[in-house]
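2 protein chains.
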Amino acid sequence: MFTQGDSYSQQFTVSEAVHRDFVALFGDENPLHTDEVFAKAKGFQGCVMHGNILNGFLSYFIGECMPTKDVIIHSQEIQFKNAVYMGDVLDFSATVEGFYESVNAVEFKFSFKNAASKVVAKGKIQIGLLQ
Amino acid sequence: MFTQGDSYSQQFTVSEAVHRDFVALFGDENPLHTDEVFAKAKGFQGCVMHGNILNGFLSYFIGECMPTKDVIIHSQEIQFKNAVYMGDVLDFSATVEGFYESVNAVEFKFSFKNAASKVVAKGKIQIGLLQ
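Going line by line, the protein sequences match chains E and Y. Anchor point for the first sequence: position 5 equals 4 in numbering that gives the first Met the number 0, and the numbering is continuous, going up by one each time. Anchor point for the second sequence: position 38 equals 37 in numbering that gives the first Met the number 0, and the numbering is continuous, going up by one each time.
One or more hints might be untrue.
Identical copies carry no separate label here, and so any pair may be met within one copy or between two of them.
Stated by the list, open to error - Listed next, the in silico DSSO-like pairs over lysine-lysine satisfying Cα-Cα at most 27 Å (straight line): (1) K108 with K39; (2) K108 with K123; (3) K80 with K123.
These aren't lab readings, by the way, just hints derived from the structure by calculation. Model, not experiment: these values are computed from the prediction.
Here chain E stands alone, though its shape is the one from the complex:
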């Protein structure tokens, strides 16, 4: 079902609604994310979107886009490399780095790129296959 080198790709949009609902859900109103004047004073082009919105997209990717629903996330790591702004359409891609059949685990490498093809985040995610 999984083979090393298998790749997946998808687009995710950090819309105003996603940002608003994320703030409402988790209560992270840090001014970097909510105050344009603050964010610009810190050298950004505008409010920086929460990195953990991207982790929410990963939840969807694993939960909904695998060839099976019998999956659970074991671990994740993510590095934030460039700022994501409101309205950014992100090209997500993930590749199977390893499929460990004896322990029913699959490891993916992934990246999110913005419209300028700049990597905004990258990392790894390991899932287990439920029996």
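Fit chain Y to the supplied structure of chain E, relying on the hints for placement.
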């Protein structure tokens, strides 16, 4: 402002509203998270809450609970060790592992424990201090 060994603790509740709003926001309706019969057939006590809800709590922790608002997340890693269920009240604790003044970075080690003091997730998070 940060010293190695500084510790923070806090409670987070995975309420029905948090679960519902997370599903609505990111669209991860995997049956493990939404179908009790499926989850039980896989050996769990009930629907398993999305691990990335915990990453949302981390967003709040960094964005709102630091001694300064001038912060940005550089990287995160998390390992999911035990299932989280609807209504679980999680004891979160984080400790400063290192403060790297020359690069304005702080590294935390964290864990989430359930009411039975079982670690449900643990990991590391590195932040930068904005100038």
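Results for each hint:
{"no.": "1", "hint": "K108 with K39", "verdict": "neither (32 Å within a copy, 30 Å between copies)"}
{"no.": "2", "hint": "K108 with K123", "verdict": "both (4 Å within a copy, 19 Å between copies)"}
{"no.": "3", "hint": "K80 with K123", "verdict": "both (14 Å within a copy, 17 Å between copies)"}
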